[in-house]
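S.K.: The chain contents come next:
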Amino acid sequence: MADFILLMISAILVNNILLARFLGNCPFVGVSRSMDTATGMGLAVIFVLTLAGMITWLVHNYLLIPLNIEYLRTIAFILVIATLVQFVEMVVQKTAPALYEALGIYLPLITTNCAVLGVAIINIEDGYDLITSIFFSFASAVGFALALVLMAGIRERFALVNIPKSFEGTAIGLVTAGLIALAFSGFAGLV
Amino acid sequence: MLAGMLAIGGIGIVAALLLGVSSKIFYVEVDPVIQEIAETLPGANCGACGFAGCSSCAKAIAKGKAKPDACLSGGPDVTLAIAGILGVSIEVKEPDTARLGCWYNLEEADTKFTYDGVKDCRAAAMLFDGSKVCEIGCLTLGTCVNACPFGALSIGDSGLPVVNKNLCTGCGTCEQICPKGIITLTSETRRIQHIYTTDECTSPCQRTCPAGIDIPEYIHQIKIGNYRQAVKTIRESNPMPLTCGRVCPHPCEEICRLGIEEDPVNINHLKRFVADIEMNANDRIIPYKAAETGKTIAIVGGGPAGLSAAYYLARLGHCPTIFEAMPKLGGMLRYGIPEYRLPKATLDWEIEGILAMGVSVKTNTAMGKDFTLQSLKDDGFDAVFLGTGAWDSRGLGVEGEDLKGVLPGTHFLIDRGLDKETPVGERVAVVGGGNTAIDAARTCWRLGAKEVTVLYRRSRKEMPANDIEIEEAGKEGVLFHYLAAPTKLMGENGKLTQLEYIEMELGEPDESGRRRPIPKKGSEKVIKVDNIIAAIGQFPVTDFLKDNGVTTTKWNTIEVVNEQTGQTNIEGVFAGGDSVTGASIAVAAIGAGRKAARSIHRFLSGEEVTLPDNSITPDSKLPAVEELTAITHSSRVKMPELSVDDRAMNFTEVELGLSQEMAADEAARCLRCGLLCYRKEG
Numbered sequence: 001m002a003d004f005i006l007l008m009i010s011a012i013l014v015n016n017i018l019l020a021r022f023l024g025n026c027p028f029v030g031v032s033r034s035m036d037t038a039t040g041m042g043l044a045v046i047f048v049l050t051l052a053g054m055i056t057w058l059v060h061n062y063l064l065i066p067l068n069i070e071y072l073r074t075i076a077f078i079l080v081i082a083t084l085v086q087f088v089e090m091v092v093q094k095t096a097p098a099l100y101e102a103l104g105i106y107l108p109l110i111t112t113n114c115a116v117l118g119v120a121i122i123n124i125e126d127g128y129d130l131i132t133s134i135f136f137s138f139a140s141a142v143g144f145a146l147a148l149v150l151m152a153g154i155r156e157r158f159a160l161v162n163i164p165k166s167f168e169g170t171a172i173g174l175v176t177a178g179l180i181a182l183a184f185s186g187f188a189g190l191v
Numbered sequence: 001m002l003a004g005m006l007a008i009g010g011i012g013i014v015a016a017l018l019l020g021v022s023s024k025i026f027y028v029e030v031d032p033v034i035q036e037i038a039e040t041l042p043g044a045n046c047g048a049c050g051f052a053g054c055s056s057c058a059k060a061i062a063k064g065k066a067k068p069d070a071c072l073s074g075g076p077d078v079t080l081a082i083a084g085i086l087g088v089s090i091e092v093k094e095p096d097t098a099r100l101g102c103w104y105n106l107e108e109a110d111t112k113f114t115y116d117g118v119k120d121c122r123a124a125a126m127l128f129d130g131s132k133v134c135e136i137g138c139l140t141l142g143t144c145v146n147a148c149p150f151g152a153l154s155i156g157d158s159g160l161p162v163v164n165k166n167l168c169t170g171c172g173t174c175e176q177i178c179p180k181g182i183i184t185l186t187s188e189t190r191r192i193q194h195i196y197t198t199d200e201c202t203s204p205c206q207r208t209c210p211a212g213i214d215i216p217e218y219i220h221q222i223k224i225g226n227y228r229q230a231v232k233t234i235r236e237s238n239p240m241p242l243t244c245g246r247v248c249p250h251p252c253e254e255i256c257r258l259g260i261e262e263d264p265v266n267i268n269h270l271k272r273f274v275a276d277i278e279m280n281a282n283d284r285i286i287p288y289k290a291a292e293t294g295k296t297i298a299i300v301g302g303g304p305a306g307l308s309a310a311y312y313l314a315r316l317g318h319c320p321t322i323f324e325a326m327p328k329l330g331g332m333l334r335y336g337i338p339e340y341r342l343p344k345a346t347l348d349w350e351i352e353g354i355l356a357m358g359v360s361v362k363t364n365t366a367m368g369k370d371f372t373l374q375s376l377k378d379d380g381f382d383a384v385f386l387g388t389g390a391w392d393s394r395g396l397g398v399e400g401e402d403l404k405g406v407l408p409g410t411h412f413l414i415d416r417g418l419d420k421e422t423p424v425g426e427r428v429a430v431v432g433g434g435n436t437a438i439d440a441a442r443t444c445w446r447l448g449a450k451e452v453t454v455l456y457r458r459s460r461k462e463m464p465a466n467d468i469e470i471e472e473a474g475k476e477g478v479l480f481h482y483l484a485a486p487t488k489l490m491g492e493n494g495k496l497t498q499l500e501y502i503e504m505e506l507g508e509p510d511e512s513g514r515r516r517p518i519p520k521k522g523s524e525k526v527i528k529v530d531n532i533i534a535a536i537g538q539f540p541v542t543d544f545l546k547d548n549g550v551t552t553t554k555w556n557t558i559e560v561v562n563e564q565t566g567q568t569n570i571e572g573v574f575a576g577g578d579s580v581t582g583a584s585i586a587v588a589a590i591g592a593g594r595k596a597a598r599s600i601h602r603f604l605s606g607e608e609v610t611l612p613d614n615s616i617t618p619d620s621k622l623p624a625v626e627e628l629t630a631i632t633h634s635s636r637v638k639m640p641e642l643s644v645d646d647r648a649m650n651f652t653e654v655e656l657g658l659s660q661e662m663a664a665d666e667a668a669r670c671l672r673c674g675l676l677c678y679r680k681e682g
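The listed protein sequences derive, respectively, from chains A and B. At position 165 of the first sequence (counting the first as 1) the number is 165 in the working numbering, and the numbers step up by one without a gap. At position 579 of the second sequence (counting the first as 1) the number is 579 in the working numbering, and the numbers step up by one without a gap.
By construction, these hints were calculated from the structure, which means they are not laboratory data. The structure presented is a predicted model; accordingly, all values stated were derived computationally and were not measured. Just so it is clear, CB atoms sit at the ideal spot from N, CA and C, and this is done for glycine as well. Do not rely on the hints blindly, as some may be mistaken.
Coverage of chain B stretches by chain A, computed from C-beta distances (three or more under 8 Å per stretch; other residues unrestricted) [said to hold, decoys possible]:
{"id": "1", "stretch": "7–14"}
{"id": "2", "stretch": "23–33"}
{"id": "3", "stretch": "55–66"}
The shape of chain A in the complex, shown without the other chains (with noise of 0.2 Å):
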């Protein structure tokens, strides 16, 4: 148990998938405009990839390490990805129409969004086994969802400021990025 709650504290917040590991970035300049759209991401990606990270690890150790086709992981992987993104796609499409309309086409760039692969990665690399996947997979992507809200929180209030014009939108959005990445690298060793 205490493993798991050190595997937790480490993938949100000493390894942070996006701010340490810098995966998935795409969604983080894209969709943290806003505090809803942000969570409303989130989510999302906290349900594919806890799914994506156990169906990966499945498919890996069941069907690919059995035929002895692990050089086909990626190929596997993003099949597996792409199509549990349709599903979300479809049941956020019809659950929370107003979320789907706001994500727009961030939701089914999740497929290609290289924080889901790269976890499903690690989770091989790491030789983690099936709990310890799910958990990692599903602290990753609390993480993710805890740096995109971040910075949803820090863009929201630009609006209010005077930013230099050369500055504005995507620009300053990684400059600060970059800061909290260098503030969650004060993390590192904790764990």
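For this one, chain A is given, so just place chain B on it according to the hints.
M.R.: For chain B alone, coordinates are given in the frame of chain A:
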């Protein structure tokens, strides 16, 4: 291998099943319109429309938040398809293209800049911001080329960016990214409303032209043989090149930079050359006409100001109607300028072209008698332009003016314009020094007068008439008495027989800057005359305007807020031309008409009638070139003319027009000036 394929295939099938089932469970009703629009869009998700992806754009279009032309990559085909789906009709707007506003690269730009005796850097910095090279010049490093999302820009041979008109979609990315605003979006609609600013590269000639014609551009087009494009360029600022090419006193040539070393470029005759080609081929160039706006404008006065205003308003899609008091259109062009300078057939051809853009006409209809400003408003006109000109003339103010044979200058020429009989005796005296006086004198010579004398109270230097007119009158045998003014008219049996005049000498300058003539006491002389024509000035008639509530200035001209906008004291009523400035030249009226059309268009579109920031005024500080270096020497071509013998007793056009060779030679002389740059040899 096989296992791999089967495994991946297996995952694929499971995925497909899952998605198929869930799409039935989680079925969402999607608006078929949005679906159709999304299918029409290219699906590239390029983001040029400003939306995150094609599906968002489709939704926005369906909801009405974006216009059907939002997709920039799709082009007009996609726009029309989407319009079809939405069931709206599309008025295709004139497409914008990018245009570079600088013609010389860094090497060619003049790096020599003389500061005219300034010896302190701070003072030099106050003059033109201390640039050593023109402030406005293109830096030729190609940022716009890299930024263009459609690859429509490339660096040309001259080192400057070149626009590929087929690929340019008018998205405006280059305009936003250029740090100096040199590459901008342009279209005919924008150019016909253009007023020059100090932020763009202009040459002295185009700034001096009261109509603002892009002179270096049309001369360049003549040089490369693209005559029709040259006519189009001219008509973006002046709808009457046939007329102006014959009668304009060309202030542009006075300021032509080539004139510093050589004779100035024969700008005006080149204009006439290309306009004549269009007329002789009888193949009118029809410019772009914007979609109908349904707005009606009443144009009071069918002279150059009114015709110009009507032309540009029609091009912008409005419906102008000209109300003209005389039987035919043309104003002073028809009723003031004689046939040998501007044949009526030529003027008619030009006016027909203007009317063909969609202008209605009501002749023999005078303001004050047949309609008033109020009646125009009641008839539903959305705006009014007053271009009533300056038709009033003054008498000489001497004894004997009521004798028979005394002809007021304007009436004489107006009667000629009305094709009335205007017999003159053997000896005619014309009083005055302007073009009207010379026109009257040369007309009398053609009507058979044996001795035509022009009396002017100042000297030749102060005479306001065009030099060429004075020269030609001299060739035709007209005598000039300078420093002479009439004092008494004497006659027998009520008919004029003699004129007494007094000699003058020049004293101190008056308000106009010209030296005041002072009569020399006791120097009266008497000459025999049969007719005397007084052409000593023309003034606007404004009584009927004042009755309608229009305010006038102390010189009895219409008062406007700014000559470049033409706004009068009444909202929706604009004015321009001689009625505002006092008697002036045709091209000034034409320019005023175009600028008033711009103001009226802005007024009707609900925008403020203001001038662009930094528009050029007489006080604007612009770099000047005092010396020319490294130019080849060439002589100006001379306009071929009818010999004096061939001119006698007829009104055939005197100037014959340049030949193609002469035009090519003359166009090659133009230095294609920028603010500071000009074409150097070698």
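S.K.: Just to make sure I understand the rule, a stretch counts as covered if three or more of its residues have a C-beta closer than 8 Å to a C-beta of the chain. Does the stretch 23–33 of chain B meet that for chain A?
M.R.: Held - the stretch 23–33 of chain B has 4 residues with a Cβ nearer than 8 Å to chain A, which meets the minimum of three.
S.K.: Confirm or reject the coverage of the stretch 7–14 of chain B by chain A under the rule of 3 or more residues with a beta carbon closer than 8 Å to the chain's beta carbons.
M.R.: holds (count 5)
S.K.: If you count the residues of the stretch 55–66 of chain B with a beta-carbon closer than 8 Å to a beta-carbon of chain A, do you get 3 or more?
M.R.: Held - the stretch 55–66 of chain B has 3 residues with a Cβ nearer than 8 Å to chain A, which meets the minimum of three.
Hint compliance for this structure: every hint is met.
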